[in-house]
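Participant: Chains as they are written, first to last, in our numbering: chain A, 437 to 778; chain B, 437 to 778.
Hints were generated in silico from the structure; no laboratory data involved.
Do not take every clue at face value.
Copies of the same chain are indistinguishable here, so a pair counts whether it falls within one copy or spans any two.
As the list claims (entries may be wrong) - Cross-link-like lysine-lysine pairs, in silico, DSSO-like; alpha carbons within 30 Å at most:
| no. | residue 1 | residue 2 |
| --- | --- | --- |
| 1 | Lys-542 | Lys-445 |
| 2 | Lys-542 | Lys-598 |
| 3 | Lys-445 | Lys-468 |
| 4 | Lys-598 | Lys-546 |
| 5 | Lys-546 | Lys-675 |
| 6 | Lys-759 | Lys-445 |
| 7 | Lys-759 | Lys-723 |
| 8 | Lys-566 | Lys-636 |
| 9 | Lys-675 | Lys-598 |
| 10 | Lys-546 | Lys-728 |
| 11 | Lys-695 | Lys-593 |
| 12 | Lys-598 | Lys-569 |
| 13 | Lys-610 | Lys-569 |
| 14 | Lys-542 | Lys-695 |
| 15 | Lys-542 | Lys-759 |
| 16 | Lys-598 | Lys-567 |
| 17 | Lys-542 | Lys-567 |
There are 2 protein chains.
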Amino acid sequence: MELSERKLKILQTIIRTYLETGEPVGSRTISKDPELNLSSATIRNEMSDLEEMGYIIQPHTSAGRIPTDKAYRLYVDTMLDDRTNEVQNLKEQLDEKAGKIDVLLKQVAKVLANNTNYATMVSGPRYQSKKVKFIQITPIDESSILTVIVLDNNMVKNQMLKIDEPIDQEMVVKLNFILNTTLNGLDVTEMNLAIIKKIKEQVGHHTGVIDSVLELIGNALTEDDELEIYTSGATNILKYPELSSKSETTELLNAFEEKRIINNWLETTPPDSETHDIQIYIGDETKVDSMKDCSMVTATYRIQEGVYGKIGIVGPKRMDYDKVVSTLQSLMTQLDDIFKND
Amino acid sequence: MELSERKLKILQTIIRTYLETGEPVGSRTISKDPELNLSSATIRNEMSDLEEMGYIIQPHTSAGRIPTDKAYRLYVDTMLDDRTNEVQNLKEQLDEKAGKIDVLLKQVAKVLANNTNYATMVSGPRYQSKKVKFIQITPIDESSILTVIVLDNNMVKNQMLKIDEPIDQEMVVKLNFILNTTLNGLDVTEMNLAIIKKIKEQVGHHTGVIDSVLELIGNALTEDDELEIYTSGATNILKYPELSSKSETTELLNAFEEKRIINNWLETTPPDSETHDIQIYIGDETKVDSMKDCSMVTATYRIQEGVYGKIGIVGPKRMDYDKVVSTLQSLMTQLDDIFKND
DNA sequence: TGTTAGCACTCTATCAAAAGGAGTGCTAAC
DNA sequence: GTTAGCACTCCTTTTGATAGAGTGCTAACA
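From just these sequences and the hints, can you work out the full model?
Facilitator: Below, the structure is given as C-alpha cells:
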C-alpha cells in the first residue's frame, strides 16, 4: 500500500493532535478538521490502513490511535514546518558577562530547559590531540612546588607537588628550560622512554621530582576533560503524565544526576560528521534503555576545528519537534556568534 | 500527664515500627511485642494518652497511629541507640587516589547515598579570609600572558590574559618581583589605592597589564568559591511512597538539581559553632518548604580552623536515624583522618 | 468506485454500593 | 490496673452497572 496524499494529511493531523493532547486520537476528532472535510467513517477506513502500515496503533480496542515511532520518524523527516522563527532572542537571556565557557554552557542548559520545558544537557567542549605548549615549575615554599602546564588549546592545568628536599633557584631555571625545550609541542604518545631518559640525564638528579612532573603532564594530556556535563530541568520530565508514571523515569532522572551515563552516550555517538547539525532520536533510536519512551534532539556546536560539544534535549515522544528544532537552530547560530567574537 | 516508663517504651515501639513499615501502627501490632507483653486494650489506653500529649496522631478514625514531629524529636534526642558501629569501612569505598578534594567530596556524596538510600549533598570547603601567597605572570606568546595566583590556603587560580604590546623578559622578572614583594600576605581589604599607586610607580609603564592582573587577584580573593555542591541519590527520594506522590517532591528534586537553593540553605545555617557536629532537622525545622515532609541530618567537617563544609542527608521523616547518624559519625572521623594525612 | 450513515460491539473510565478489615473507645468483669 | 468483648467508624477493595468513546462492518448513496 502507498501513502497517499490524503493518508499523509490524516497522519499529520493525528500526530499534531497527539503532540498537543497526549491522548489517543479518534476518527471523529480528525473528521472535524476543516482542511480535510471527511466523515469519521472515511477517516476510520484510512486509519485502518495506516494502522496496517505501522504508522499508528491502538492502545486497546476502542481507543483512538496514537502514532508509532515510525510515524514520528516520518514526521520529523518530512513534515516539519519551516516555520518562521519567532524564537525569542536567547542571546539576551545569556548573561553576556559570562566570561568562562563553563558558566556559559551552564546557562545554555538552563535557558533551553526554561524555553522548551524539557530536560536538557550540554557537554563541554572536547579537545582532541592535546599538546604541551608551556611548562613551568615554581617553588612555593620549602616542601612544595607548583607545576603549571599550558596546553596548545590554551587550557591551563596546575597542581601543587610535595617535595622531600628543597630545590635551589638555579636548578629550577635549568629544569624549566630542559622541560620546555624537550617537551614543547609533543602529545602524550610522543613522550616515550627515550625522551624521559634524555631529560633525566640532562638534569642529573632530582629524578623524583621529574617523575612527578611527568606524571602530571601525562594526566593533563589524557585527562578526560573532567566529563563536564551540565544539565537542567530534569524534573521537567515529570510534567508529562505518560512518563511520570513509568518506572523508567526514575532511572532516567538518575541518569541525569549521574552525568556519567549521559557522557557515555555522547561519547559513543560520533560527532555526526558534517551531516546535519541537528539529530533526532526517537524511542529506541536513543539506544538508551531508560529513554525508550522518550525522544532526544541533539545539536553539535563547534568552537574551532576539532573542538566540539553537544547540546541535547530529552522529552516525551510527543515532543514539540518544531519548536525544539528551531530553538536549537537559533541557539546554535547565536553560540557561533559568541565564539567568533572571542 | 507524665511520660511514664511504659509510655516511653510504647512510643518507641510505635516509632520503630513506623520507621520500618511506613504504615500507621495499630494497638494489636504493639501488643505482640514480647518485651511489653500487654494486651491491645491496655496499649489502646496508653496510646490514647500519647495522642493527647501530642506524640502520635491518627490519620483518620480507625487507623493506626503515626508519630508526630514531636515524637521524632524526642526519639532522636533521647532514644537513639548507641549501637555498636558495624558501619562498613567507608574509607575503603573512597578511592584513595582521589587527590583532588572535589573528586573526594563527590565520592563522599555518592558513597553516602548508596549506603543510606537517601539523598545526599556535600558542600565544598569554604575558605574565609584568603590572602595572596604567590603571584607569577609568564609570557606565553606575543599576545598573551599567563597569570598564576596561589592563595594562602594553597588554592591555585590561573587565567590567560590578552595583552596589546609584548613584554620583554626583564620586565616580567621585575613585575613578578614587585607584585610579590608588595602584595604577599595581603587580603583583599588591604589592597588599597595607595598600594596600587605604589606598584604602578615602581613598574613605570605597562599599567594596563597591572590593572588586569590586580583585577584577577581581586576576583581570586573574593570569588564565591564557585558554590560547589555535590549531590547524589536525589532519586532515592522517590523510593518512599509517602514522598513520591507529593507535589513538593518535584520541587525538592528540583532543589537538588538547582544546587543554588541548597547552597542558600547551607549558607544561612550557621556553622553550628562548636556544638555537636551532627544536627537533625525534622519537618518544618528544616525551614525549607519543599522539605516539610522530610527530615534532614547534617554534619560539619573541618579541614582546618575556619575551613569547613557540610554534609547533609535528606530523607523521609521515618528515616533510619540510627543508621544515618552513625554512618555520618563514622564518615566524619574517616574524613578527619584523610585530611590529617595531607 | 469512493464516500457516508447506521448499527452492533468492545473496551475503558467512573461511580455507587457492598463487603471486608483494621482499629478504636467504651464498658464490665477480673 | 488489666483485659475481654462488643459496637462503631472509617478505609480499602471488590463488584456491578452505566455512560462514553471509538471501532469495524455493512448497506446505501452519488
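Participant: The structure should be examined with respect to each hint, and the outcome stated for every one.
Facilitator: So, going through the hints one by one against the coordinates:
{"no.": "1", "hint": "Lys-542 with Lys-445", "result": "neither (40 Å within a copy, 52 Å between copies)"}
{"no.": "2", "hint": "Lys-542 with Lys-598", "result": "between (34 Å within a copy, 24 Å between copies)"}
{"no.": "3", "hint": "Lys-445 with Lys-468", "result": "within (13 Å within a copy, 69 Å between copies)"}
{"no.": "4", "hint": "Lys-598 with Lys-546", "result": "between (40 Å within a copy, 29 Å between copies)"}
{"no.": "5", "hint": "Lys-546 with Lys-675", "result": "both (17 Å within a copy, 27 Å between copies)"}
{"no.": "6", "hint": "Lys-759 with Lys-445", "result": "within (20 Å within a copy, 61 Å between copies)"}
{"no.": "7", "hint": "Lys-759 with Lys-723", "result": "within (24 Å within a copy, 39 Å between copies)"}
{"no.": "8", "hint": "Lys-566 with Lys-636", "result": "within (23 Å within a copy, 38 Å between copies)"}
{"no.": "9", "hint": "Lys-675 with Lys-598", "result": "neither (52 Å within a copy, 45 Å between copies)"}
{"no.": "10", "hint": "Lys-546 with Lys-728", "result": "both (24 Å within a copy, 26 Å between copies)"}
{"no.": "11", "hint": "Lys-695 with Lys-593", "result": "both (23 Å within a copy, 26 Å between copies)"}
{"no.": "12", "hint": "Lys-598 with Lys-569", "result": "both (24 Å within a copy, 17 Å between copies)"}
{"no.": "13", "hint": "Lys-610 with Lys-569", "result": "both (18 Å within a copy, 24 Å between copies)"}
{"no.": "14", "hint": "Lys-542 with Lys-695", "result": "both (14 Å within a copy, 12 Å between copies)"}
{"no.": "15", "hint": "Lys-542 with Lys-759", "result": "within (21 Å within a copy, 36 Å between copies)"}
{"no.": "16", "hint": "Lys-598 with Lys-567", "result": "both (25 Å within a copy, 21 Å between copies)"}
{"no.": "17", "hint": "Lys-542 with Lys-567", "result": "both (27 Å within a copy, 29 Å between copies)"}
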